[in-house]
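**Q** In case you want the letters, here they are:
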Amino acid sequence: MTPNLNWYLALSGVLFAVGVAGVLTRRNALVIFMSIELMLNAANLTLVAYGRYLSDLSGQVFVFMAMAVAAAEVAVGLAVIVVLFRHHRTVDVNRVNLMKW
Amino acid sequence: METFIFFLFGIAAVVAALAVVTLRNPVHSALALVGAFFSLAALYVTLGAPFIAAMQVIIYAGAVMVLFLFVVMLLRLNEPQRWDALSPLRVGLGFAAAGAVLVVALAVVRQTLITPEPMNPELSKVAAVGEALFRRFLLPFEIVSVLLLGAIIGAVALVKRSEGEPSGSPHLGASAEPSGEERP
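Each protein sequence line maps, in turn, to chains A and B.
If you count the first sequence from 1, position 3 lands on 3 in our numbering, and the numbers rise without skipping.
One gets our numbering by counting positions in the second sequence from 1 and adding 1000 to each.
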């Protein structure tokens, strides 16, 4: 029984769900960011799987663009976290609550 | 054989992902994420996308995770933090929400019906991806370069200290006095 599309989609769904659990559960901003990257990778896996099973190259090109966007997002997001740390002296997202009512 | 490869790297990716989410030390989470990226790169190869697999290793494992580790070490977060301790309630709710997401995703997966086709080897070649990027998808390709430029400018502009702001490395609890007296 060779792997078919549904197997890859299920694996992608599991990885995405683990990423969601990470974002919701952890308080460290960096680990939350890592979980977001995990979710992005799960989406990339979906794209590549569809590209293979529909014999379309657009899947790989889309993943290329998504990787470039993710790299840019990591650069800016880490800059935000560094500035946040400078101001609050912590990366605990529960302590960064100046905008709370 | 293909089934074995799929399960080997699929389970490795899931275990690594769970390690990212559950390990206390951020450095350990980062290393687990590198492991997940490598497993995904292997899966991309099985899906006939060797170019994307190479890009995954270069960009994600090679650049993104290095950036993460830079920031972890810069902010001295390489120890488990007490405030990041998990209460069973939070873990339960987090995983329950993730379980809901998973149930929805699997429901969609069951609906997907695609007639299985053998892999088209022409689409695995890097030349094919290059041709697509430079012909059909030329405009998005060029726009991505502008996006990367904007990200570089944005990151530098965010972190740059303005005039008059106190400088100094952002150590957690570091004192400002010189420690010259303690040297023998």
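Everything labelled a hint here was simulated from the structure, so no lab data went into it.
Even glycine gets a Cβ: it sits at the ideal position worked out from N, Cα and C.
Take these hints with a grain of salt, some might be off.
Chain B regions said to be covered by chain A (calculated; three or more residues, Cβ under 8 Å) [unchecked claim]: (1) 1028-1038; (2) 1051-1061; (3) 1082-1090; (4) 1098-1107; (5) 1112-1122.
Pair by pair, the computed Cβ-Cβ distance ranges are [to be verified]: (6) A:Trp-101 to B:Gly-1154: 23 to 31 Å; (7) A:Ser-55 to B:Asn-1078: 24 to 32 Å; (8) B:Ile-1005 to A:Val-96: 38 to 46 Å; (9) B:Ala-1097 to A:Ser-55: 43 to 51 Å.
**Q** Under the constraints set out in the numbered hints, which ones does this structure not fulfil?
**A** Hint check: 7, 9 fail, others pass.
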